[in-house]
Amino acid sequence: MDSKLWLAVAVVVIIVAIGAFLAFQQTPPLQTSTQQTTTPQTATPTQTAKKGNIYVIYDIGGKGDLSFNDMAYLGASRAAKDFGLGLKEIQSKTQDDYVPNLRAAAKSGDAVITVAVGFLMTDAVKQVSQEFPNVKFAIIDGYIPDRPNVMSVLFRENEGSALVGALAALTAYYYNCTKVGIVLGMEIPVLWKFEIGYAYGVRWAERFIKQKFGKDVKFDILYVYTGSFNDPAKGKQAAEVMLAQGVCVIYQAAGATGLGVFEAVAEAGKKAGRTMGPPFAIGVDADQDYIKPGFILASMMKRVDVGVYTAAKMAVEGSFKGGVLELGIKEGGISVSTLDDLAQFLEIGIRAGAVKESDAQNIINTVKEMRSKIPTWIWEAVDKLKQDIVTGAEKVPLPTSQDQVVQLRKELGLGTVG
Amino acid sequence: MRRLTFSLLNTGLALFLAFVLGAIAMWISGYDPLLSYKSMLLTPLSDLTYLFSALAFSAPILLTGLTFAVGLKAGLFNIGAEGQTYMGALGAVAAAYLTRDVSALPLAVFLGVAFAVAWSAIPALLKIWRGVNEVVGTIMMNWVAYWLVIMAVSTIFANPSQPEESVKMPEAARLTPLVAGTDLTLAVPLAYLTAVLIYVFLRYSVWGYRISISGQNPTVAKAYGIRPEQAVLVAFGIGALTAGLAGVLQVAARPPSYSLARNLANVYGLGFDGITAAMLGRGHPIGVFLASVFLGILQEGARHMQIEAGTPFEFIRVIQGLLILFLALQMVRKI
Chain A
8 MDSKLWLAVA
18 VVVIIVAIGA
28 FLAFQQTPPL
38 QTSTQQTTTP
48 QTATPTQTAK
58 KGNIYVIYDI
68 GGKGDLSFND
78 MAYLGASRAA
88 KDFGLGLKEI
98 QSKTQDDYVP
108 NLRAAAKSGD
118 AVITVAVGFL
128 MTDAVKQVSQ
138 EFPNVKFAII
148 DGYIPDRPNV
158 MSVLFRENEG
168 SALVGALAAL
178 TAYYYNCTKV
188 GIVLGMEIPV
198 LWKFEIGYAY
208 GVRWAERFIK
218 QKFGKDVKFD
228 ILYVYTGSFN
238 DPAKGKQAAE
248 VMLAQGVCVI
258 YQAAGATGLG
268 VFEAVAEAGK
278 KAGRTMGPPF
288 AIGVDADQDY
298 IKPGFILASM
308 MKRVDVGVYT
318 AAKMAVEGSF
328 KGGVLELGIK
338 EGGISVSTLD
348 DLAQFLEIGI
358 RAGAVKESDA
368 QNIINTVKEM
378 RSKIPTWIWE
388 AVDKLKQDIV
398 TGAEKVPLPT
408 SQDQVVQLRK
418 ELGLGTVG
Chain B
13 MRRLTFSLLN
23 TGLALFLAFV
33 LGAIAMWISG
43 YDPLLSYKSM
53 LLTPLSDLTY
63 LFSALAFSAP
73 ILLTGLTFAV
83 GLKAGLFNIG
93 AEGQTYMGAL
103 GAVAAAYLTR
113 DVSALPLAVF
123 LGVAFAVAWS
133 AIPALLKIWR
143 GVNEVVGTIM
153 MNWVAYWLVI
163 MAVSTIFANP
173 SQPEESVKMP
183 EAARLTPLVA
193 GTDLTLAVPL
203 AYLTAVLIYV
213 FLRYSVWGYR
223 ISISGQNPTV
233 AKAYGIRPEQ
243 AVLVAFGIGA
253 LTAGLAGVLQ
263 VAARPPSYSL
273 ARNLANVYGL
283 GFDGITAAML
293 GRGHPIGVFL
303 ASVFLGILQE
313 GARHMQIEAG
323 TPFEFIRVIQ
333 GLLILFLALQ
343 MVRKI
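Protein sequences appear in the order of chains A and B.
Take 8 as the starting number for the first sequence in my numbering and just add one per residue.
Take 13 as the starting number for the second sequence in my numbering and just add one per residue.
Quick caveat, the hints were computed from the structure, so don't treat them as lab data.
Glycine included, each C-beta is placed from N, C-alpha and C at the ideal position.
You may find that some hints are simply not true.
Cross-link-like lysine-lysine pairs, in silico, DSSO-like; alpha carbons within 27 Å at most [said to hold, decoys possible]:
(1) K363(A) / K278(A)
(2) K328(A) / K88(A)
(3) K133(A) / K320(A)
(4) K133(A) / K180(B)
(5) K180(B) / K100(A)
(6) K241(A) / K186(A)
(7) K180(B) / K58(A)
(8) K100(A) / K114(A)
(9) K100(A) / K234(B)
(10) K234(B) / K114(A)
(11) K186(A) / K133(A)
(12) K50(B) / K70(A)
According to the in silico footprint, chain A covers these stretches of chain B (three or more CB under 8 Å from chain A) [claimed, not checked]:
(13) 55 to 66
(14) 123 to 137
(15) 183 to 190
(16) 219 to 227
Please take these sequences and the hints and turn them into a complete structure.
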């Protein structure tokens, strides 16, 4: 009945298959590069021979975001290499996959540690950690303080935000500008850490300027919650409003919404006939300096890789215990991006196909040039604040309730865009 | 009998081709197809926890598959299950918001099904009154539902302590796992029972007869004194019933969250998986049941394939995509 049709389909299929195969044969570099980015099948037998595995469970976002999840992978693969463990990754297709994914890892019996990447898996980790009390779990960004077998890896983003706040204010001062801003995502408690930390850094910079130059400068700090993490258009609009009011450095803590901030800043700079800021933007979580090279001063890096690595290390060394593991500047969990970080992230970007290999050197040169235009005393000042935070001489406030935030906003003089 | 053999043969051929092409894709990308297929198809059957998980995945797919299958019987290409599932879930969330005790469960079923049926009535009436093609109508309604539900979950029904999701089903109103430590809830037998009821309805009820006659030939239906428009309306309504139920169960009977994710991550795509199930099951309720179990096994198998063979789960999507392609080819051929 359908035999002719099927014959035709089969022929097409075979031709396509042979064609694809030949195409891959002709370009061996392509094949090796795909094998590098993914876990090659040849690695599996050797993995099982090792003394255990690190299981990494991604949420529905998953790998390839050039940020959070890719950093988790980076940390896990480094830990696997250093401690002679295998690495098993499980991506979730839907939210309903979280529990079965965690269960499958726990049931395997060879999990040294099971790392859930992202706070979306909090409920799932709570449930599965109870079902398997002898399996060690770690969750990045999720808060589960009361399980003996769950380590909640949290970051002190307020410290890093203070550093970029100081950087923003000092850079603005250098360019004779007294307005800085921050664009945020949804108003959830985590983001208060970014907002308040940033403002604290700006006020610290005022004290620093007073001390160094004897000048009284008062910065206006504008903040806006866009209400979304995945709307670049909204981020762009928010940034444009700020730029129109004379803001010259904008920090973004808004996920993909923040990409619009970069867009707006770079556009404004180019309109003014510049290839580099001011105005400047500041990136978040990953090293985002390469997205608009020359217009992104630096990024407040949340080292998810360090978090995953530390959790795995503690599990291997036997020092793993349930509760909260807080990583700040001192522990290397928070930092301001450097040129070395940039090179590493460009590599991830190239592997994921987001950055062309031929552009990489150009980007590095541009960022290098931009950084050299910022006087060294500014970088040194940021470094000083960093040291002070590490030694405990400076304590960046950590708001945990709505009342505290309202109070801190008043104290630090944050203003809405109006 | 001859027809059944033929359609089984065709489905088998489509499955075979999809898996062969999937294997080639895996092999080219440097993964082991044999180990991948073994872990994907056999590991889920090797352990009760995994098997129950596969069945839990099959339940909503079966329900949305029935939506499409009933539509097909009436000669409709009803792809509105996706949006109707969102509306069903929204109904459940609204119930959870309104009452905080066990009464939230019946209310959830009522509101969820009511929302879904109301949602399906719009493209159905547009089709009957204005002749708007149901494909266009339902796609539009899917998108309207998508944004509407996201808006509702982000505002009135938002969970203040967990911003990424809606208010949770009250604990008393949750359908918790029947076997501890697995995902098997009452949703699974409920979905299967629904399939049986739909089968009986289509095969033995007067309305079932009217639907299939109008689906096969509206002119003949008219000659018999059947009004095809009414059959269309009923088919849409029944379809919305099952799709809405799928949405309700995703909220009320799916551990651990018992809520609707703000990005709809726990209902998104179910309607389209249902279309695959309906096509694979040749539009027959029992066929759809078998197909949904198969798709459930694939979804459960995806994680074991990643663990045992290191093969990324995207290959499951490749295979499903190919399967739809080959099945669609057969359907186009028939029309």
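Structure-based check of each hint:
no.	hint	verdict
1	K363(A) / K278(A)	holds (25 Å)
2	K328(A) / K88(A)	holds (23 Å)
3	K133(A) / K320(A)	holds (22 Å)
4	K133(A) / K180(B)	holds (16 Å)
5	K180(B) / K100(A)	holds (22 Å)
6	K241(A) / K186(A)	holds (21 Å)
7	K180(B) / K58(A)	violated (41 Å)
8	K100(A) / K114(A)	holds (20 Å)
9	K100(A) / K234(B)	violated (46 Å)
10	K234(B) / K114(A)	violated (60 Å)
11	K186(A) / K133(A)	violated (44 Å)
12	K50(B) / K70(A)	holds (25 Å)
13	55 to 66	holds (count 4)
14	123 to 137	violated (count 0)
15	183 to 190	violated (count 0)
16	219 to 227	violated (count 0)
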